[in-house]
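Enquirer: Here are the chains, one letter per residue:
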Amino acid sequence: MAAYQLPQWAALAPALLLALTGLVLFLIDSISPRSTDRTLLAGTAAVGALASLAVAVWFTAAGVGTPTVDGGEGVIEIFDGQFVVDQLALYFMIVVTIVTALIVVASYDYLAGHTYQAEYYSLVVLAATGMATVAAANSLVTIFIALELTSLPSYALVAILKDNRGSVEAGLKYFLIGALSSAIFVYGISLVYGATGVLQLDSIAEVIADGGADGFGGLLGLGILMLLGGIAFKTASVPFHFWAPEAYEGAPAPISAFLSSASKAAGFVIAFRVFNVAFPLGEIGNVIGFDWTVAFVVLAIVTMTVGNFAAATQENVKRMLAYSSIGHAGYALIGLAGLSADGGELVMGAALMHLLVYGFMNTGAFLFVALAEHWGVGRTFEDYNGLSSQAPVACGAMAVFLFSLAGIPPFGGFFSKYFLFTGALQAATANTAMLAVAAALVVNSALSLYYYSRLVKALWIEDPPATRDRLGQPTGLYAAIVVAAVMTIVILPGFGPVAEAATGAAEALVN
Amino acid sequence: MMIEALIAVALIGALVTFVAPNRVAGKLAFAISLVPAALSLWMFTAFDGSGNALLDGDLAFESHLEWIQLGEYSIEWFVGLDGISLPLVVMTTILCSLAILSSWTPIDSRESQFYGLVLFIEANLIGVFSALDFFVWFIFWEAVLIPMYLLIGVWGGPDRKYAAIKFFVYTNVASLVMFGAFIALVFGLGDAVTSFAMPEIADAMVNGGVQSSVFGIDPGTFTALVFIAMFLGFAVKVPVVPFHTWLPDAHVQAPTPASVLLAGVLLKMGTYALLRFNFTMFPEQVETFAVPIAAIAVISVIYGAMLALAQTDLKRIVAYSSVSSMGYVILGLIAYTQFGVGGATFQMVSHGLISGLMFMSVGVIYNVTHTRSVEEMSGLADRMPIAVGILVAGAFGYMGLPLMSGFHGEFTIFFGAFQADFAYAPLFTALAMFGIVIVAGYLLFALQRTVFGPYHLETDYDVGRAPLHDVAPMFVLLALIIALGVAPELIFDMITNAVDPILNGGDL
Amino acid sequence: MTVAVEYYVLLSMAVFCIGLMGVLTRRNALLFLMSVELMLNAANINLIAFAFYHGNLTGQVFALFTMALAAAEVAVGLGIILVLYRNFRDVDVTVPTTMRW
Amino acid sequence: MVGTGAGPFSYAPAIALFPLAAFVISLVFGRQLPKKGAIPGIFATAASLLFSLWMFATVAGGETYHETLYEWSAGAVTTEVGAEEIAFSFGLLIDPLSALMLVIVSLVAFLVHVFSLGYMNDEGETGLPRYYASLGLFTFSMLAFVYADNLLMAFMFFELVGLCSYLLIGFWFRTKSAPSAAKKAFLVTRFGDYFFLIGVVAIASTFGTVAFAGEESFVVAAETAIEDGTTLFGFDAQTWVTITGLLVLGGVIGKSAQFPLHTWLPDAMEGPTTVSALIHAATMVAAGVYLVARMFGYYALSPTALSIIAFVGGFTALFAATMGVVKDDIKQVLAYSTISQYGYMMLGMGVGGYVAGVFHLMNHAFFKALLFLGSGAVIVLMHHEQDMWKMGGLKDKAPITYYTFLAGALALAGIVPFSGFWSKDEVLFDALIVGLEEPVILAAYAMGLLAVFFTGFYTFRMVFLTFHGEPRTETAEDPHGVGWSIKAPLVVLGLLAALVGFVNLAPIAKVAGMDITFLEYWLDGEYGYVEGLTYHHYHEMVAFEEGYIGSETTTMLLSAGLSLGLALAGAFAAHTLYNVPEPKRHTTKLGGAYTVLRNNYYQDEYQVWLAEGLTLPLARTADLFDRSVIDGAVDGVSGASLFGSSWVKRIQTGLVTNYAALIVAGFIALLLGLGLYGGWF
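Chains as they are written, first to last, in my numbering: chain A, 1 to 511; chain B, 1 to 508; chain C, 1 to 101; chain D, 1 to 681.
What the hints contain is simulated information worked out from the structure, not anything from laboratory work.
Fair warning: there could be bad hints in the mix.
As the list claims (entries may be wrong) - Chain D side only, calculated, beta carbon under 10 Å to chain C, not exhaustive:
{"id": "1", "residue": "L247"}
{"id": "2", "residue": "G250"}
{"id": "3", "residue": "R650"}
{"id": "4", "residue": "Q652"}
{"id": "5", "residue": "L655"}
Stated by the list, open to error - Anything over 12 Å on all C-beta distances counts as not near chain A; from chain D, calculated:
{"id": "6", "residue": "L27"}
{"id": "7", "residue": "W609"}
{"id": "8", "residue": "W680"}
For glycine and all other residues, C-beta sits at the position ideal for the given N, C-alpha and C.
All chains, please: the whole structure from these sequences, using the hints.
Expert: Right under this line is the structure:
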């Protein structure tokens with residue numbers, strides 16, 4: 001098995017490859033600062049992203065991170081445990097790199113005639129690097145650093161359209177809320193450190209298990225809550241979601257896609273890892289008086305409800321998608337809410353699946369908005385009326401994304417959403433509070449059905465306005481959209497491996 | 001692999017049609033749709049199954065394929081046919097071909113997309129009736145929504161957007177409720193089941209059922225709650241009063257072929273699911289809730305018929321009468337006797353054909369008159385004798401005229417329900433039977449006003465004879481209706497053979 | 001003579017809350033930013049104090065990281081505030097409200 | 001003596017299938033054929049007639065036939081009497097009764113087909129293929145109904161003849177009135193059939209069989225149940241039999257146009273006169289009474305049911321006769337007389353006078369067909385004028401029509417020795433002897449007797465107004481001629497009307513002690529018979545006492561003289577009033593009564609009110625309720641959630657400081673909540 005011969009640190013290859021790509025882009029930029037050779041820049045970025053995707057997939061296939069008992073290579077620890085490369089890490093690296101690749105390809109057209117090309121791509125790739133690193137980070141330190149590595153480029157990216165007030169406003173709000181949240185996050189870290197005296201996740205768990213943190217219950221609990229706050233910001237969960245609608249609406253559409261899919265995923269990997277590894281259920285209950293799942297039950301319900309309800313009556317398509325992505329964050333949170341001392345890999349696995357599928361369908365949806373902005377047809381539902389008559393393929397793809405987001409077969413979103421539902425119900429057999437979550441899921445997906453189909457209606461049913469000049473077919477955007485659509489469809493029949501990987505990753509973490 | 005072949009042909013055909021040029025789309029789609037029709041007819045002759053698919057009967061055309069391992073539960077591609085599902089599959093394929101034929105005239109825009117969607121629906125409908133793993137079944141069940149939503153929304157009438165979204169959301173919410181209830185049930189069964197295969201679950205339910213309490217609810221209550229939730233979930237699809245209001249809107253707005261499929265097949269999905277899940281897996285609860293359900297059935301019959309009586313739009317009339325007819329089916333199911341359940345299943349097929357015929361006739365009338373209002377036309381028989389002749393025949397079929405399939409369906413249902421076990425069964429039956437008077441009332445009224453009397457038309461069109469490809473499908477349906485009416489045992493035997501295990505707790 | 005760790009915690013909490021109040025009340029972007037810095041430093045106080053309390057260096061090291069990142073954050077922040085000023089002729093964070101609801 | 005499939009009976013199915021073939025042929029090729037499909041119809045009915053006669057002869061030869069031909073549905077049941085299995089099938093039962101009826105039906109059908117050649121074809125009528133196809137379908141259904149061997153099969157063809165009646169009444173669909181009349185006919189009979197169907201279902205699920213004859217017939221099952229005192233559906237067997245019997249009777253009352261479901265028949269005259277003759281006089285309307293005769297054994301078990309039948313019959317006889325008095329339209333008069341005559345048959349059946357009922361059924365079939373065809377001829381003469389006041393003096397212009405019509409009239413009025421007299425007298429006699437013991441029956445008898453007078457009156461009023469006196473219009477001056485195809489059937493029927501009564505001269509037989517009551521012997525199985533379906537058997541079963549005034553013979557002579565006298569009185573009254581050169585509208589002298597009769601006792605009004613004044617508004621209310629409340633609830637839910645949405649999104653004020661505040665607030669809320677939950681403070 002090739003993975004053997006490689007040195008330990010090579011297990012981080014996906015992240016490293018991304019970092020390398022970022023540096024290469026800087027290099028290109030410094031060689032020809034004025035260069036707007038889109039093909040070269042986008043190409044490099046895409047190659048880098050795809051390369052790291054390939055590596056991540058290869059590692060997974062080769063069984064890196066798979067427990068040796070299952071005939072895998074076992075979890076690989078780097079820098080004595082600051083980083084771990086397990087199934088979860090690789091899984092999320094795959095998600096991140098997929099999204100990165102898609103949006104980089106899409107940006108090829110979106111940034112046409114735009115300055116700061118090189119900066120744009122390098123920032124994107126650096127942010128991706130951060131996310132990939134987050135996936136593997138196993139200590140609050142590394143997590144925080146990787147998180148910032150993700151956030152800082154994102155702030156800049158959102159605001160990159162310097163002469164567009166929307167973009168700037170979005171950047172500002174994103175940044176301010178981001179700063180606030182990271183401050184809270186760090187403070188949370190400090191409190192946890194105070195309570196336990198260590199920052200590496202598994203050591204925290206040990207300390208808690210040994211009762212080293214007894215007596216610091218309140219301190220630890222407050223710390224955990226603050227960590228939760230920082231994570232909620234990344235995953236755009238209530239109440240830390242306020243930045244999301246504006247940021248997504250104002251930012252360039254590919255960046256919105258990037259943030260709402262990859263960045264969200266990064267947030268979730270932290271959540272999964274930190275809470276499962278550092279604060280194992282049951283033991284943590286003895287210290288702080290309750291299991292943190294309660295917090296997630298509340299967050300999940302509130303988040304999905306706020307997201308979907310706010311989305312229902314939006315007029316601006318991008319903003320609707322923004323709110324819907326908040327709603328989906330709520331769905332994914334079920335993965336944590338449903339956990340319990342004795343397992344719950346099903347529900348968490350479902351959450352992982354959802355994040356992967358979401359990586360395709362949501363990215364695709366935002367990329368369609370990017371396409372619409374590229375066409376300059378406008379931002380509201382009315383402006384989208386009857387686009388199908390002029391661009392059937394793209395609109396078909398968009399219909400696929402929307403129906404998939406609504407969780408209707410034969411698209412990937414169906415399985416992930418209904419598995420989440422299933423998982424929630426299974427968890428409910430142990431923890432009745434989950435019934436409320438399941439109920440909320442029903443209500444919300446009914447509502448989401450309404451506003452998603454509203455957009456389908458605009459695209460396919462409404463008649464196009466008389467005055468609309470014919471629309472171009474930008475290669476990159478189309479390619480990205482079509483790929484996303486195809487993946488969204490074929491992932492349904494091919495769900496076996498996905499489910500396997502997800503549940504495997506979850507299992508490794510939960511038990 | 002026959003079933004896969006059916007579905008594959010329809011799916012591929014859908015894709016091909018979707019990219020085909022509009023001119024040829026209609027003919028192409030029709031040609032393609034003949035393949036599944038022929039195949040299913042062959043399957044009908046080659047059918048060698050016996051017993052009930054869920055209660056370890058011998059399936060015909062069975063096939064398994066490992067798919068997904070979800071925690072300790074496995075999901076597999078599992079399809080097969082028994083005496084209940086086969087007739088429905090055949091009906092579906094035939095009805096789809098005819099629906100395509102009948103849409104040559106009315107559909108004059110975005111043809112390739114239209115016919116593509118129809119074929120896509122066909123694929124899913126076949127899947128619904130043949131899938132035996134819950135998730136596979138549920139995929140097909142839900143996948144029907146999208147094409148129907150678009151068919152109504154894009155090619156529908158003036159108020160189509162409202163109707164489409166109402167249909168879409170309403171039925172999907174129902175599915176969610178049903179899904180949740182069923183999954184909860186599966187978990188409630190605990191280690192008894194290790195997959196979502198319906199036969200396994202049905203077996204666990206019939207022998208033993210839920211043992212330990214779930215969600216802190218004791219097993220009995222829990223099972224009852226699940227039963228109710230699933231019944232409500234399906235009741236929307238059927239639809240049963242008071243969950244029927246999406247139906248008239250959808251029907252009135254939908255284009256003719258969509259109405260044909262909606263009334264002909266989609267409603268049967270609801271009753272079929274009721275039979276497969278509620279009435280197969282919950283024998284005890286069926287007895288417990290017999291009286292209320294029977295009451296609901298009677299209300300659906302009478303109330304639906306009364307509503308039909310009040311309408312002046314031909315399509316609305318037929319739509320509400322479908323509600324009424326579905327009430328008969330529910331009555332037959334709840335009777336829980338061989339004739340009752342068998343008759344209900346027979347009635348599913350029969351009503352599929354007859355309502356299809358009715359909607360086609362109304363469609364043909366609409367094509368030439370461009371109105372569906374009873375007030376705005378009269379004496380059409382003067383101008384289009386053949387089409388009207390078929391319409392009249394269909395109407396009498398709807399009234400349950402002997403020697404037409406409707407009579408056998410209704411009579412067996414009544415007969416089966418009259419001797420049912422639950423309290424006042426004869427009374428309920430007698431009440432429900434009054435539907436046959438009301439149905440005659442509103443249909444004859446409509447006929448008198450529209451096709452008889454001196455020729456007159458409010459809209460400024462002149463009525464001529466309908467083209468062959470409009471009339472031909474109606475002839476085919478009429479032939480089938482009479483065939484099933486004269487020789488019901490064509491399908492009734494295999495149906496009862498598949499129904500018996502349900503009533504005898506699993507054994508043939 | 002050493003001061004009990006509780007007092008450090010109290011101090012940091014106080015600083016944190018001051019920063020928070022600043023965030024909530026200040027409309028000027030720069031002051032907003034400074035308040036955030038205060039909160040970060042509150043965290044640093046904690047870290048160092050606890051490092052001393054637990055007798056390991058992890059906290060102190062992490063404090064260094066935090067400062068560095070804070071600096072980076074400020075850099076990006078100032079950039080954004082700059083373009084903010086260019087677009088809105090103001091650094092009042094309550095001015096840009098083109099996107100709402 | 002029940003024969004096997006061998007022999008002539010194996011051809012029995014053909015009797016019904018010939019007309020079916022004719023139906024298909026006329027429907028498909030009618031346009032191309034000469035005479036537009038009349039020919040196949042004539043040949044088919046002729047063939048059916050021949051085969052029927054053959055069957056008749058065979059039965060006379062002492063054989064009968066009871067065979068299941070085709071089982072179309074079978075399954076397991078749980079019946080009250082414990083039967084486990086039931087099979088629904090098509091089968092033939094050819095016994096004296098059905099054989100006789102076969103002949104009647106096929107004969108009249110044949111004659112009507114011939115008559116149609118003259119009546120329909122000459123007028124350049126359109127849609128003739130439809131006409132002949134419907135006639136063929138009707139003949140098929142009617143014949144199949146006649147020799148159906150089980151109740152369900154009977155019901156099915158009972159429904160089918162209803163369909164044909166609908167189609168034929170509505171033959172002239174371009175008018176407004178015909179379709180409406182057709183609808184009314186079907187609906188009213190359907191209302192009766194509703195009860196019939198319940199009856200069928202009830203009987204089937206009670207006894208697990210619907211067979212008319214044989215050991216496993218429901219009649220036998222019912223007998224045993226009553227003997228064993230079984231409880232059926234919570235009633236004692238006797239009551240349950242009565243209930244089910246009455247349910248079936250619902251269908252009978254509908255089809256045979258008995259009160260209160262008689263209203264459709266007069267309207268049904270909108271159809272071609274030939275149709276009225278065939279369907280609405282001779283055959284289909286007879287189906288009801290025939291059904292009673294067919295399952296007489298079942299009714300015989302329940303005196304209650306019988307007396308109800310009798311009373312309804314007697315009442316209808318009088319009720320309809322009175323209305324017939326004031327009608328001006330010749331077909332209307334005949335329509336009401338039809339209703340009234342079927343009342344007599346019901347009366348006969350109800351009092352256990354099985355033979356009498358069937359006898360009158362047969363006679364009526366002939367003379368009423370004759371009268372209708374005759375009126376058809378008159379209508380041809382009068383260029384489709386039906387108002388008797390516009391006629392007069394046709395006697396000399398159309399002698400054949402006149403004399404045949406007269407024969408029919410005499411039979412209808414019940415004047416010796418025409419057929420009607422014998423049968424009607426027998427009915428009344430049976431009613432009287434039972435009535436002397438049963439007051440209800442006596443009332444029924446009284447009404448029937450009274451009706452005789454009115455019958456005589458309106459019949460001869462019709463004759464005189466139509467044929468006697470001076471012509472009152474130009475068309476009456478020189479009428480349109482009629483061809484052989486019209487005359488021939490009239491002659492045949494005229495002879496039958498005059499002579500057929502001699503097959504059962506009960507009074508003479510009694511007086512002279514001769515064995516000449518052939519029909520009685522026939523129905524009594526002197527020739528061929530099926531076990532349990534004989535007059536004797538019925539007679540024993542019927543629980544009625546019989547009483548006599550003096551001896552049986554005196555009673556009989558008494559009743560005969562009474563009815564004859566009344567008939568003559570009626571005829572004489574008509575003679576004095578209307579047999580004058582210039583008759584007046586004396587009926588107007590009746591004053592208030594006239595308007596009531598004219599409006600048919602407001603029967604239609606209240607039934608129309610039930611349909612349009614009650615049901616329709618009810619339906620409209622339901623519709624309103626549906627749209628407002630039920631659908632309103634559905635839309636309300638979505639409206640509410642959208643309102644909620646528009647409210648929720650307001651949190652997003654766009655002010656970043658508010659966001660910060662909200663975040664902190666939310667965080668603190670979470671903190672407090674969980675803190676309390678976790679017991680930190």
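Enquirer: Does W609(D) clear chain A by more than 12 Å, comparing its Cβ with all Cβ atoms of that chain?
Expert: Its Cβ never comes within 12 Å of chain A, the nearest being 47 Å, so this holds.
Enquirer: Tell me if L247(D) is really an interface residue toward chain C, meaning its C-beta lies closer than 10 Å to one of theirs.
Expert: Violated. Min distance 67 Å.
Enquirer: Do the numbers back the hint for G250(D), that is, is its least Cβ distance to chain C under 10 Å?
Expert: 67 Å, violated
Enquirer: Could you check that no beta carbon of chain A comes within 12 Å of the beta carbon of L27(D)?
Expert: 45 Å, holds
Enquirer: Can Q652(D) be said to touch chain C, with a Cβ gap under 10 Å?
Expert: With Cβ-Cβ at 5 Å, under 10 Å, it holds.
Enquirer: Find the nearest Cβ of chain A to the Cβ of W680(D) and say whether that gap is larger than 12 Å.
Expert: 4 Å, violated
Enquirer: Given L655(D) as an interface hint, is its Cβ closer than 10 Å to any Cβ of chain C?
Expert: Constraint on L655(D) satisfied, holds at 5 Å.
Enquirer: Using the nearest Cβ pair, does R650(D) come within less than 10 Å of chain C?
Expert: Holds, about 6 Å.
Comparing the model with each numbered hint stated earlier shows that hints 1, 2, 8 do not hold.
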